[in-house]
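Assemble the complex: chain F is given as a structure, and chain S must be docked to it using the hints.
Here's the letter readout for the chains.
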Amino acid sequence: QKEVEQDPGPLSVPEGAIVSLNCTYSNSAFQYFMWYRQYSRKGPELLMYTYSSGNKEDGRFTAQVDKSSKYISLFIRDSQPSDSATYLCAMSAKGTGGGNKLTFGTGTQLKVEL
Amino acid sequence: GAVVSQHPSWVICKSGTSVKIECRSLDFQATTMFWYRQFPKQSLMLMATSNEGSKATYEQGVEKDKFLINHASLTLSTLTVTSAHPEDSSFYICSASRLDTQYFGPGTRLTVL
Numbered sequence: 001q002k003e004v005e006q007d008p009g010p011l012s013v014p015e016g017a018i019v020s021l022n023c024t025y026s027n028s029a030f031q032y033f034m035w036y037r038q039y040s041r042k043g044p045e046l047l048m049y050t051y052s053s054g055n056k057e058d059g060r061f062t063a064q065v066d067k068s069s070k071y072i073s074l075f076i077r078d079s080q081p082s083d084s085a086t087y088l089c090a091m092s093a094k095g096t097g098g099g100n101k102l103t104f105g106t107g108t109q110l111k112v113e114l
Numbered sequence: 001g002a003v004v005s006q007h008p009s010w011v012i013c014k015s016g017t018s019v020k021i022e023c024r025s026l027d028f029q030a031t032t033m034f035w036y037r038q039f040p041k042q043s044l045m046l047m048a049t050s051n052e053g054s055k056a057t058y059e060q061g062v063e064k065d066k067f068l069i070n071h072a073s074l075t076l077s078t079l080t081v082t083s084a085h086p087e088d089s090s091f092y093i094c095s096a097s098r099l100d101t102q103y104f105g106p107g108t109r110l111t112v113l
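Chains F and S, in that order, are what the protein sequence lines are. Going by the working numbering, the first sequence opens with residue 1, and the numbers climb by one from there. Going by the working numbering, the second sequence opens with residue 1, and the numbers climb by one from there.
Each hint should be verified, as a subset may be incorrect.
Unchecked claim - Cut-off 25 angstroms, straight-line C-alpha distance, at most; resulting in silico cross-link-like pairs (DSS-like, lysine-lysine):
#1 F:Lys70 with F:Lys56
#2 F:Lys101 with S:Lys64
#3 F:Lys42 with S:Lys20
#4 S:Lys66 with S:Lys55
#5 F:Lys94 with S:Lys55
Keep in mind that the hints were calculated from the coordinates and are not lab data.
If we strip away everything but chain S, and leave its shape as in the complex, we get:
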């Protein structure tokens, strides 16, 4: 139990385009989901906390107009990277909360050309 999926697992896009990443909790309902970004050999950096039915809470320094988060249901949260640029290339990981534990998705590798 407690499986979290992400789609797509990897994506390549052109600079200036938008990319949507989905995070789903497959066998449980998650009131809270988190979005992280991880650069090579660096730690997971929390980008935002997403609560179902309300606006996401963004960490300092994260542009909310660039990284749009929607948590429309208890099993789905989406992250849209708008007008992506090469510096947005990274590994994006979501997690979903169940009781006292965060369960992480497998990540999405985004490459912006």
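Chain F with its partners taken away, still in its complex shape:
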């Protein structure tokens, strides 16, 4: 069993839709939860991170963590064609990055259509 499971998609939605992306994990030591966006043939860029359980909002993006269920989500409101990319969840026991190892999900490919 992988430490982090993520549906690879592809997920196709119409412009303006609310998108829900999810990951589950098995390692209860994970405390830091991140979402990265990766465009084709590019490196990932950090969108948001959350420590422990709870919600965090940044513009059209909301990250949720439910540690009791070992389940994290990223919601995108009013989705735009420019949001079309692969979204990767990442987790760490000790920090958001720095010198700490990150464990990634496989990524969900999202396409927002006009």
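Just chain S now, with coordinates in the frame of chain F:
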């Protein structure tokens, strides 16, 4: 700020040759850099952690004699794929750490014929 570059962006080589990939932090110093490999539709797999001035720490299953990592300065780490074979064809991505965040390079696509 916090820009990481990789060179080359893509490379094609013959089986048996060696390929060097550079990772640079352009506007900050990075004590720690990471090297990842990503196969199509798969996750980023950490290969090794590179600390400036010391030997790299390799993940289980990664051959340290095949994937040579050098972190000679606070802004440069290199990954050399020695005696490359077609199964080494992949997307190699580095990241550099600044404070609590890893900043990723744009990746290098390696194709071994």
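Each hint, compared with the structure:
This hinted pair checks out: F:Lys70 and F:Lys56 have alpha carbons roughly 17 angstroms apart, not beyond 25 angstroms. Annotation: proposed proximity of F:Lys101 to S:Lys64 holds, straight-line Cα distance about 18 angstroms (limit 25 angstroms). Distance restraint check for F:Lys42 and S:Lys20: the Cα-Cα separation of roughly 19 angstroms lies within the 25 angstroms cut-off, and the hinted pair is therefore satisfied. For the hint pairing S:Lys66 with S:Lys55, the CA-to-CA distance comes to about 15 angstroms; that is within 25 angstroms, so the pair holds.
With a CA separation close to 22 angstroms, the supplied pair F:Lys94 and S:Lys55 stays within the 25 angstroms bound.
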